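> This is what each chain is made of:
2 protein chains.
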Amino acid sequence: MRILILGGDRYLGWPASMYFSNLGHEVACVDNFIKRFWEARLGVSPLNPIDPLVNRVDSFKEASGKDVQVYIGDLAESERFVYRVFQEFIPDVVIHLAEQPSAPFSMRSRSDCVETHRNNIIGNLNVMFAIQKYCPDCHLIKLGTMGEYGTPNIAIEEGWLEVDHKGRKDRVLYPKKPGSFYHCSKVADSVNLEFACRAWGMRVTDLNQGVVYGSPEIDFASEPGLHTSFHYDETFGTVLNRFMIQAIVERPLTVYGNGSQTRGFLHINDTLQCLRIAAENPASVGDFRVFNQFTETFSVASLARMVVDSAVELGLKTSIANIENPRVEQYDHYYEAVNTSLFELGLEPMLLDTGRVQKMISELMVEKTRINEKYFAPKTKWSFQ
Amino acid sequence: MRILILGGDRYLGWPASMYFSNLGHEVACVDNFIKRFWEARLGVSPLNPIDPLVNRVDSFKEASGKDVQVYIGDLAESERFVYRVFQEFIPDVVIHLAEQPSAPFSMRSRSDCVETHRNNIIGNLNVMFAIQKYCPDCHLIKLGTMGEYGTPNIAIEEGWLEVDHKGRKDRVLYPKKPGSFYHCSKVADSVNLEFACRAWGMRVTDLNQGVVYGSPEIDFASEPGLHTSFHYDETFGTVLNRFMIQAIVERPLTVYGNGSQTRGFLHINDTLQCLRIAAENPASVGDFRVFNQFTETFSVASLARMVVDSAVELGLKTSIANIENPRVEQYDHYYEAVNTSLFELGLEPMLLDTGRVQKMISELMVEKTRINEKYFAPKTKWSFQ
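Sequence order for the protein chains is A and B.
If you count by the working numbering, then the first sequence holds residues 1 to 385, one letter each, in order.
If you count by the working numbering, then the second sequence holds residues 1001 to 1385, one letter each, in order.
It is worth saying that the hints were derived from the structure and are not from the lab.
Given the structure is predicted, the values throughout are model-derived calculations rather than measurements.
Cβ atoms here follow ideal geometry from the backbone N, Cα and C, with glycine treated the same way.
Please note: incorrect hints may appear among the correct ones.
Unchecked claim - Below, computed lysine-lysine pairings styled on PhoX-like, alpha-carbon distance capped at 20 angstroms: (1) B/Lys1133 - A/Lys169; (2) A/Lys368 - A/Lys317; (3) A/Lys379 - A/Lys317; (4) A/Lys379 - B/Lys1381; (5) B/Lys1133 - A/Lys133; (6) B/Lys1133 - A/Lys166; (7) B/Lys1379 - A/Lys133; (8) B/Lys1133 - A/Lys381.
Said to hold, decoys possible - To be clear about the criterion: a stretch of chain B counts as covered by chain A if any three or more of its residues have a C-beta under 8 angstroms from a C-beta of chain A, and this derived list gives those stretches: (9) 1260–1270; (10) 1286–1298; (11) 1351–1359.
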């Protein structure tokens, strides 16, 4: 298949580019490097220094013999660029990972909130129009997030809900309760895509992904220069990745509030597997298909405990610090989310236990001297003032 | 009260400015005249030529003795402008009517779709941040649309839905099924506002308005130079207004498809009354309150029939032409929408019958020579190609 990966430079997009290339697909990736710009502005770096994308493509070619095409440009700013990419590459599948991915980033200020909406919503619209213009039968796989649902008091279904109301029935888009402006922007994307499926007959898979952790365990991903960007800072780091880094430098794991917040999680390898499953089983014409993409749920507290236990066995001294929650979140809430679709299509999950945490910590330990402890403390509050 | 009206130059905003001023409130209005620019680009004009806003404010002052302040600037483009307005005027109530209001406009092209999202979503975000910064206790009354709900097979509630699912209950945002990118942008606004009510404790009333018709019957509104802009074109004209104008020039009323599409409707005077009711009964802190703002429902076909009947009695020869529907819409659908909140707060509706249609047609007849029949035919299709 001809697979176009949007957002090919960072945490998920680069491994996805190598992974689909390894599988023998023709891969092109797109990036504008705006995430590197945001990282520079915020003063944070991933754990490893990351080579420029074109250099990594060269290194990957040397290692694997495979070509990955690169298009450099902005999906939200330049429709001419977007149209040129689609006209030239004519993808069978588009994997859209090019959105501003951080809740705290979107809550930092008015301008970062607006930037999140502009980048995500307008970028996604330009992709939708480009698909209609150049490859209307193309399957769009769009990364959403489980955080769009929030923590409702009823079971979270996969995108749609059968409702029985006043004696009548309908199948409706599952009601969303996003937890940040970032999550709001993703809800807006879903709304636009569902409409376009109805109006234009688009084929869309919306992957509502849980919290990702770990480093990709795929061919070539751990060779020099081919690592993916691994963040552990407040803004771009996900919680388990941050906990493991805190454990390595023997700092307390900072749990926001009482840690009873429960979320879906998955290893980055399972992200890749889910993208492959979605690509190999395309949505039908006019189908807005939603998969909840996580393998298991944990409370933040139980995750912290698992990391502490794992670290202790490795001889690391760490503990749990419950700090003031900068976010507005529910505690001790109901959380039951359906995630059967991807399993039914063959997902074989890489589940979390102390053994796996120890393996990840040991691998990350090599980079111990690069860890910047200043990245740990949350500075962005959800409340306005 | 200090009332800030966003979008004070056009169909709803100008009458709202006069109406609240007539009631003795301190009124300021904001506009960037982008709707005039869009009208020029599309080559359509309202029925009456409309004086520049500052001239109308002068004429209104001469007629009524009341001052209406004017701020000229762009809510989406310039946060400095938005912040200055809020810092200077410190409103008690903000009435936000400044959005791109047309479904066909949003479907014309990629750039018009993007423009709709930019103007509406970013403009609304800037207003939200300005309120938090300068007047966090201010009550935001935001114009939404009944079209956000679409035509579900269950009763449309007012913004929220009590759901009973797998033996558990929750109150969730009513699931939306928007009918165009314009409607999608309004859904995104609602999502952002509901989140900000939870995270920031905003006070918001989202008015999901039906299709408005007629000219305002309030003091000074029919004096020379003080008319509001009345559109009857495909893009900015609403269906009943267009039907009445078609009847006046004795052209067939163009019904899209079989006309069984049912919608909520209200007279523009009732829009003003609803805005007043919302302003006088503010939402509580943290409350995302939704009112469905329409007074009665009609199918498009029954509305066309009422206009034909009314016109015939006035000696006008017209008929109904069912033309190909440029939109993607459901026919013969279920439609039951709750609209009790505003009635419970005192709304006294101005209902539609052949008498009222005849009165409106007679008043519009004065402008018969200005009618441009080229505006009637729909040119924008919902399908992409």
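> State for each hint whether it applies.
Hints versus structure:
1. B/Lys1133 - A/Lys169: violated (44 angstroms)
2. A/Lys368 - A/Lys317: holds (15 angstroms)
3. A/Lys379 - A/Lys317: violated (25 angstroms)
4. A/Lys379 - B/Lys1381: Violated, at roughly 48 angstroms.
5. B/Lys1133 - A/Lys133: violated (42 angstroms)
6. B/Lys1133 - A/Lys166: violated (42 angstroms)
7. B/Lys1379 - A/Lys133: holds (19 angstroms)
8. B/Lys1133 - A/Lys381: holds (15 angstroms)
9. 1260–1270: violated (count 0)
10. 1286–1298: violated (count 0)
11. 1351–1359: Violated - the stretch 1351–1359 of chain B has 0 residues with a Cβ nearer than 8 angstroms to chain A, which falls short of three.
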